[in-house]
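Novice: Residue numbers (numbering that gives the first Met the number 0), protein chains in the order written: chain A, 0 to 183; chain B, 0 to 370.
Hints should not be assumed to be uniformly reliable.
[What the hints assert, rightly or not] Below, simulated SDA-like cross-link-like pairs (lysine to any residue); rule was C-alpha separation at most 20 Å, straight line:
hint : chain 1 : residue 1 : chain 2 : residue 2
1    : A       : Lys164    : A       : Lys85
2    : A       : Lys28     : B       : Pro1
3    : A       : Lys85     : B       : Asp337
Derived from the structure by calculation, the hints contain no laboratory data. This one's a predicted model, so the numbers in the text were calculated from it and none came from an experiment.
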Amino acid sequence: MQTEILFAGFGGQGVMFAGQVLAYAAMDKGKQVTWMPSYGPEMRGGTANCIVVIADEEIGSPLVQNPPAAVVMNLPSLDKYEPLVKSGGVLIVNASMVDRTAQRDDITTILIPANDIAEEIGDKRLANMIAIGALLGCLDILTVKDLAAALEAHMPGRHKHLLPKNFEALRKGAEHAKKQRSNQ
Amino acid sequence: MPRELWKGNEAIAEAAVRAGLEGYFGYPITPQNEILEWLSQRMPELGRAFVQAESELGAINMVYGAACTGARVMTSSSSPGISLMQEGISYIAGTELPVVLIDVMRGGPGLGNIAPSQGDYSQIVHGGGHGDYHPIVLAPASIQEAVDLVPLAFDLAEKYLNIAVILIDGSIGQMMEPVELPEMRPVVRKDYPWATNGALGRKRRVLSSIYLEVSIEEEVNLRLLKRWEEIQQNEVRFKEYYLDDAEIAVIGFGTSGRIALSAVRAARAQGIKIGLFRPISVSPFPARQIAELAGRVKSMLVVEMNAGQMLKDVQLAVGNRAPLEFYGRLGGVVPFPDEILGEIQRIAKEPPSLGGNPAQRWLARMTAPKK
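With the sequences and hints as input, model every part of the structure.
Specialist: And the structure:
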């Protein structure tokens with residue numbers, strides 16, 4: 000069993016961190032995992048992406064052309080990666096940052112206003128955790144509980160006070176995705 | 000040790016610290032900067048030497064000098080920086096000193112870019128510096144393998160008084176994987192009979208790569224070659240995947256090897272009898288093992304992130320035992336498994352025949368007008 004997940008957005012939206020949290024959770028569950036960043040002359044506000052591969056056996060390529068799951072946090076990422084998602088796959092779109100719906104009808108798409116929900120919780124930086132929550136609501140690789148445990152285990156002590164809001168963000172993301180799927 | 004998620008460059012740097020690295024000398028260049036960054040904090044913390052030199056030339060010559068004292072020393076760089084170091088590398092080889100070098104390859108030639116590449120194979124394996132010398136070159140395909148090979152590189156360098164290189168590319172340097180790091184080993188300064196470690200109360204020792212008397216220089220060369228023979232006999236390392244019943248064998252090292260693994264699995268799922276041979280020591284090269292493999296498969300495919308630099312070593316090993324094909328991506332482009340799968344499917348459908356030049360056939364396919 001192997002699953003690949005792509006995270007993409009503006010630098011500063013936490014897409015790299017989102018991928019890392021997923022990688023930590025996968026590792027803690029005893030899985031093989033790779034986290035591969037796009038690296039280059041990157042800067043805040045530019046585009047950033049990473050691919051996480053989770054598997055039961057030795058992982059070959061850390062990059063794939065057509066991932067079965069993608070989380071896109073802004074419009075340029077939606078434009079670029081929507082066509083690449085594997086047929087039958089999952090696409091999580093940060094609806095707060097795009098002005099269109101997804102065009103594919105052969106994949107499951109979740110439109111989630113991650114920035115708006117994050118502001119409701121009280122910290123706009125939580126948009127990435129809401130998006131991961133939505134991803135886990137659609138993908139049977141890891142649970143919101145696994146992610147929360149990984150955050151708790153690997154977050155440096157000085158950030159521990161942020162955990163409750165992160166947990167809430169993960170939960171709200173997953174709930175939103177489940178609700179949207181049952182309406183589809 | 001528990002499994003922890005580490006970035007490749009940082010894990011390699013920490014593995015060197017735990018292998019008893021006593022002195023590091025380097026100069027920044029992407030995509031290997033995290034090695035310097037990590038060591039700039041860790042080495043002083045442990046009371047060990049970290050020097051950011053004024054250039055790669057400075058760094059390699061500081062390594063040269065420090066190695067003369069018998070200390071465990073290392074430098075790291077990326078392709079253009081390694082090119083700059085070649086003079087010093089040849090001097091170190093000529094002086095017969097143990098040094099570890101890490102090359103995190105990037106796209107080239109020239110300043111190129113900072114994307115992953117395997118374009119340094121020839122300059123590292125076949126010596127970019129002048130003279131007859133052979134570095135030991137280990138090419139890990141994952142962060143765990145890299146971390147396991149770092150202490151070995153130091154041990155081999157010291158055992159054979161030879162340069163040992165860890166050859167990776169930017170993707171292994173930049174990616175993260177779960178890693179079990181080696182135990183911390185103490186710094187041990189060996190009292191080599193040649194080390195220039197203070198001559199108080201003993202005869203002065205001189206280390207140099209200058210042998211103006213040609214007959215002595217020839218002796219030094221012959222000694223290096225005899226030692227290299229011993230290395231070739233004892234230090235070949237490789238990993239095989241699904242080769243037991245394989246009719247097609249893919250050969251790739253480092254990142255292109257692990258990408259090929261995904262393609263091999265996909266081809267197996269389609270019923271193609273195929274396996275992967277991944278050289279871990281690209282120098283000494285597993286020539287005998289590849290020759291044997293060539294005798295029992297119908298065809299072979301070499302995959303690299305360069306224009307066929309290792310292919311030449313494979314060709315030497317295989318001779319006319321099996322038809323060879325080649326697939327490469329250049330300039331920092333990393334192949335997707337699907338591209339390699341396409342090549343495998345092509346070979347499975349129309350088995351190649353012996354002879355001709357696989358690199359030429361590949362170039363013709365790469366530059367053919369798109370249909």
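Novice: Each hint needs a verdict: does it hold in this structure or not?
Specialist: We went through each hint and held it up to the structure:
1. Lys164/A - Lys85/A: Since the Cα atoms of Lys164/A and Lys85/A sit roughly 32 Å apart, the hinted pair is violated (cutoff 20 Å).
2. Lys28/A - Pro1/B: Given pair Lys28/A, Pro1/B holds - Cα atoms ~13 Å apart, limit 20 Å.
3. Lys85/A - Asp337/B: Distance of about 13 Å is within 20 Å: holds.
Checked against the numbered hints above, the structure violates only hint 1.
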